[in-house]
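Line order of the protein sequences matches chains L and W. According to this note's numbering, the first sequence holds residues 1 to 359 in order. According to this note's numbering, the second sequence holds residues 1 to 329 in order.
Just so you know, the hints here were simulated from the structure itself, not pulled from any lab data. Keep in mind that a hint or two might mislead.
To be verified - Here are the simulated DSBU-like pairs of lysine-lysine, each with C-alpha atoms no more than 35 Å apart in a straight line: (1) W/Lys-313 <-> L/Lys-242; (2) W/Lys-84 <-> L/Lys-242; (3) W/Lys-145 <-> W/Lys-84; (4) L/Lys-243 <-> W/Lys-313; (5) W/Lys-84 <-> W/Lys-164; (6) W/Lys-313 <-> W/Lys-326; (7) W/Lys-112 <-> L/Lys-242; (8) L/Lys-243 <-> W/Lys-112.
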Amino acid sequence: MSKLIDEVKDSRRKYDVGSWIVPIIAVLTAMFVASVLMMIQGLDPMLAYKSLFTTAFGSSEGIAATLGKATPLVLSGLAVTLGLRAGLFNIGVQGQLLTGALASAWAGYALSNLPPLVHIALALSFGFFFGALVGAIAGYLKAFRGVHEVITTIMLNSIVMGIVDYLASNPFKEPDQALTRTPQILESVRLPMFGNFPSGFFLAAALAFLMWWILGFTTTGFRFNTVGRNRFAAWYAGISYKKTIFFAMLFSGGIAGLGGAVETLGITYRFEPAFNLGLGFDGITIALLGRVHPVGIIPGAILIGGMRAGAADMQFDAGVAPELVDLLLAMILFFVTAPLISRFFKNSANRSLTGGWGN
Amino acid sequence: MITLIKRRGSYYFLAVSLATLYLYSQSANITTSVFSIAVTFAMPLALAAMVGIMCERTGIVNIGIEGTLLLSSFVAFYVAIAAKSILIGFVAAMATGVAMSLLLALMSVTWKMDQIIAGTILNILATGLTSFFYIQGNMLPSMFKQKPIPGLSNLPFFGDVLFKHGLLMYLGFVVIITLYYGLFHTPWGLRTRAVGEHPSSADTAGVSVSRMRYVNVAVAGAIGGLCGSYLVLELVGSWNRGFTAGKGFTALALMIFGRWNPMGALAAAMFFGLAQAGANQLMINGTVNIPPQFVGILPYVMTIIVLAISAGKVRPPAAEGQPYEKGQS
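Looking at chain L on its own, in the form it has when it is part of the complex:
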């Protein structure tokens, strides 16, 4: 029994942000390897990085664009983090985010004659609700039917992609337009800007702090952490495993859906299936880069948002394909999770975040 209690206590240490040095070295190592690949292709890595980062962080317009890109990333990182804390690997953030983006776009253009604040709140809740719905399907199947969430969420990604594409090209399509996209949302539903900066980012950051508080200082958070760490210890403590993972998946999906809604209402102002591709998978990298800590996600999201914002200029200045960013993110994920680096910092890297199919 004491072993179980130790493991639960251990869950606090497990997500220690003291290990911030590992993510930084992981990013630098990934950039180094990517620069070798660029040199093999005969490109100039220094020029590419310089262009990438001056575009992203060198001017106030650049920073505004970076924060705009970072906003949905913070939320998709948070969604992955919440899942991982409860021992669930939500690879379905992509689908949940798309659902939320489309639902909020519909609420943004189809509903009218509402006071602006009510309308914004309604559109955001539409995003949350439909994202949560997709998450809840996976949560239900995991909790009550024993189907592993990794498979269901991946399948749901493809299913949502098909449905959303159908909706955006048929009933919700902008009339008299060749493109597959919805009409623009009303001006009054757009999220306001603070000067150059999108207010959605501050909403997302506030949510990150809120989640840090919930996970660290409330009984709900204790339930999530305990179930994630050891379901038998949770059972011993009288915590319902099934209920907890169902709600963890539901809220994880809801946060992802909110990410899609914030993107639609604050940046793109309409839904187009191609807009949000990859955001959900970036969330996985961001969550692990932030050491599965809600507040640790914010710098990771800003970094990756910056890379996404600067990629087009990098192609223009240095001739490097913008897909370099995908490659960089893959290597960052590898270096931040592999014990190559953390072993030098006595960080216990051999921890299990998820379970096999049987769990």
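Given chain L, work out where chain W should sit, using these hints.
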């Protein structure tokens, strides 16, 4: 329990046979062509499921199958173009599959990392590499051509469905049957299953758990390379971003549905292939008018339904997903 599985399997087989016979009597040509196409849809799924079975039977969860297929099909395509030989492309794809697998084994056996995250790294790495190095507008020098097997291909129905395919398809069948025989009828299979179910017992009996896991995961990678080459060099003939379209994930579901048994997974893959080929045929006939997006999501919806029915009732290898430490009980 075993008799129950066998009985259910034979009911399924009987039902499909009767339905096929009926359709064949109605329209022999269409039924034959639907089945023949279904086999080409089913083979990549079945082979990808074999990758999963090889890994999981030995205790390693591999959700990186999708990445293995994506990267190996990519390598098969571009190496075949560069070397002007599809055979060299095929060999390079196998090598790529093995390399991906060794990376997985390094992360999950040697570094004892979380295996689901290790697999995700393979997937994201393959997506990143292939989309960065992708060049548009290339053509394969040739493809693996249809080679009817003399004699067998003259059989009514079965000849057209099973024995009029390319080399890689036949190789796929050989791999699946060999794997089935190997897993359940050879000492290697017994050791593999022991390592996946109870590694400390296997260790006590003198089987090296990590070596067994490394070798099996590497062989699984080679099968993944075969699957990737089949897709690009025999079935499709071109490559684009996101080429494998989630087949590696569907395969995981087929593996579970087939109870980690090669024959079970093959049957499940055939079921999927038939459903898709049948839906396509209905579209062509104009019998039903479904939006193409909904036909596209059919395999994924089926995967979820199939798992919701079967997942709680099947048991994965007991030691799956857990790194082995010597001396653990």
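Here's how the hints hold up against the structure:
Between W/Lys-313 and L/Lys-242 the alpha-carbon distance is near 17 Å, which keeps this suggested pair within the 35 Å criterion. Using a Cα cut-off of 35 Å, the hinted pair W/Lys-84 and L/Lys-242 is violated, with the two alpha carbons roughly 56 Å apart. For the hint pairing W/Lys-145 with W/Lys-84, the CA-to-CA distance comes to about 16 Å; that is within 35 Å, so the pair holds. Restraint check for L/Lys-243 and W/Lys-313: the C-alpha separation of about 21 Å stays at or below 35 Å, so the hint holds.
Restraint check for W/Lys-84 and W/Lys-164: satisfied, since their Cα atoms lie roughly 25 Å apart, inside the 35 Å limit. Proximity of W/Lys-313 to W/Lys-326 is assessed by CA-CA distance (about 31 Å); at most 35 Å being required, the pair is judged to hold. Between W/Lys-112 and L/Lys-242 the CA atoms are separated by roughly 28 Å; this keeps the pair inside 35 Å, and the hint holds. In summary, the hint linking L/Lys-243 to W/Lys-112 is supported, as the alpha carbons are separated by about 30 Å, within the 35 Å threshold.
Of the numbered hints given earlier, the model fails hint 2 alone.
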